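Number of protein chains: 2
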Amino acid sequence: MPSKPLILISNDDGITAPGIATLVRVMRRIGEVVVVAPNSPQSGMGHAITIGHPLRLDASTIFEGIEAYECSGTPADCVKLAKHHVLKDRQPDLVVSGINHGSNSSVNVLYSGTMSAAIEAAIEGLPAIGFSLCDYGHSADFSHTEEWVEHVTRQALEHGIPAGTALNVNIPKKSDTPILGARLCRQARAKWQEEFDLRHDPHQRPYYWLIGSFVNLDEGDETDEWALAHNFVSIVPCQFDLTARAGLTQMRQGWEMQLPGQPAPTSIPAAHPVESEDYGVVNP
Amino acid sequence: MPSKPLILISNDDGITAPGIATLVRVMRRIGEVVVVAPNSPQSGMGHAITIGHPLRLDASTIFEGIEAYECSGTPADCVKLAKHHVLKDRQPDLVVSGINHGSNSSVNVLYSGTMSAAIEAAIEGLPAIGFSLCDYGHSADFSHTEEWVEHVTRQALEHGIPAGTALNVNIPKKSDTPILGARLCRQARAKWQEEFDLRHDPHQRPYYWLIGSFVNLDEGDETDEWALAHNFVSIVPCQFDLTARAGLTQMRQGWEMQLPGQPAPTSIPAAHPVESEDYGVVNP
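Protein sequence lines, in the order shown, are assigned to chains A and B.
At position 9 of the first sequence (counting the first as 1) the number is 9 in full-length UniProt numbering, and the numbers step up by one without a gap.
At position 99 of the second sequence (counting the first as 1) the number is 99 in full-length UniProt numbering, and the numbers step up by one without a gap.
So that you can see chain A by itself, here it is in the shape it has in the complex (with noise of 0.2 Å):
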């Protein structure tokens, strides 16, 4: 680990969310800090990419004494202009994103922007971590997420991060219970069970507003909802190639590959059979 780490911030709630100023008070007291965040929330952005429009990046003075652009793009958008832009020949040594103000355990990975500025760092071949805390409302209080995102930032500093990985850190809500650790963790199958709420505007035009619940579906003890629900910090790794192995091998039996008629191509090898996954290790 390099002495001062070079640390790259960013998040999906906006540059002037209670999370991300809670993140910098953190990661100033480990390493050299810059931020780059959208200037506005993303929630919900999944990992999207701004494609049609030119972005904005300003300067920012919110973070006294620290460097730092508000960007009129995306969570992913801010990593890509931060690390070939922003911080062009300075190489970061850990990426962090967040701290997400609600859950963004199981499934809601797939939803997370707070998720694809990490993901997008990992697919950079950076080190990343996506911080989140497990409550709502409206006064959601961070101080007791201080000491874990500390210290889960220094494990990752110490030991690296699994290559093509990017770490989702999900923290309970506080309460009086204190958190009893943290659990690695692989993430729980659930989904969102939706509904509709079917409105009128002025002009008796429909509208429809999306609430939903979320639904469990998975009883393992060695799962992201299982760790929060026992007030742990959960912590899965989560990779960007999405090829379900196990998928692919099924496959095999049965799925027709040529056209009726077609003859199977002669020339050309068939695919090496596709079952293990193969990672290094990311060390700062």
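Just so you know, these hints were derived from the structure itself, not from any lab.
Do not take every clue at face value.
Because identical chains share one entry, a pair is satisfied inside a single copy or across any pair of copies.
Said to hold, decoys possible - For lysine-lysine, the following DSBU-like pairs were computed, each having C-alpha atoms within a straight-line distance of at most 30 Å: (1) 174 with 88; (2) 173 with 88; (3) 191 with 88; (4) 191 with 174; (5) 191 with 4; (6) 191 with 173.
Bear in mind that the values here come from a model prediction, so they are computed numbers and not experimental data.
Once you have looked at the hints, place chain B on chain A.
Frame of chain A; chain B shown alone:
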């Protein structure tokens, strides 16, 4: 397979795009079709959902004889609205998305609205396929895709799709060389080498256009990039469980799960190791 399967169609290029017209033409030969698609292009939206404002949904007569709706939201919104509001008690036998105007191979799957519709369907437990044409040209020719889209769809209806996955199907650009066949693949390791084009607006404020070139870092002949480069249709089953299982195992060495000085909880069982994937098949 039901004699007349119910097929839900969405996309990310919008309901007026040529790709979805091709998809509708093929699917009406196979089953009963319902379309719910964005009312404007949503490319690069990743797995975005609309939380902060309401959605509009309007009936469309764009496809003669087909029940169709245009939606103000993202591709993932369209699938949620289709399942929970438009179709309600009718369960689709298959969800297809596309045909995207441009490649969604390799890491592009993460930025892809087309695939987010398919993955959203997979989360809902529905068999789903995203189709893309590897041609970014303004007047891309979709005609050669029809027989392959039909073939893959009929295979999916006959054999099912591995549970918890959506198929990412990419089709080579039309050329004088015929397509050699389809190929089951893993997602290639690749990245976008990004650059930002700095310009100044008429008021002398700077802005940035994202420009990048795709770099394949993977020489495997079992990858989607290899298949497409050799004139095969690539098929990658994609999972929405992002857990990096090899990464989890790796992190169990060395990472400290308690704060400095904090005792480990005694009454809580250690999590089971997570090593294998567990798939069934979603059979229509």
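We went through each hint and held it up to the structure:
1. 174 with 88: neither (39 Å within a copy, 38 Å between copies)
2. 173 with 88: Answer is neither: 37 Å inside a copy and 35 Å across each miss the 30 Å cutoff.
3. 191 with 88: between (40 Å within a copy, 17 Å between copies)
4. 191 with 174: within (25 Å within a copy, 39 Å between copies)
5. 191 with 4: between (41 Å within a copy, 28 Å between copies)
6. 191 with 173: Within. Shortest intra-copy distance 21 Å satisfies the 30 Å Cα cut-off; inter-copy 36 Å does not.
In terms of the numbered hints stated before, the structure departs from hints 1, 2, listed from lowest to highest.
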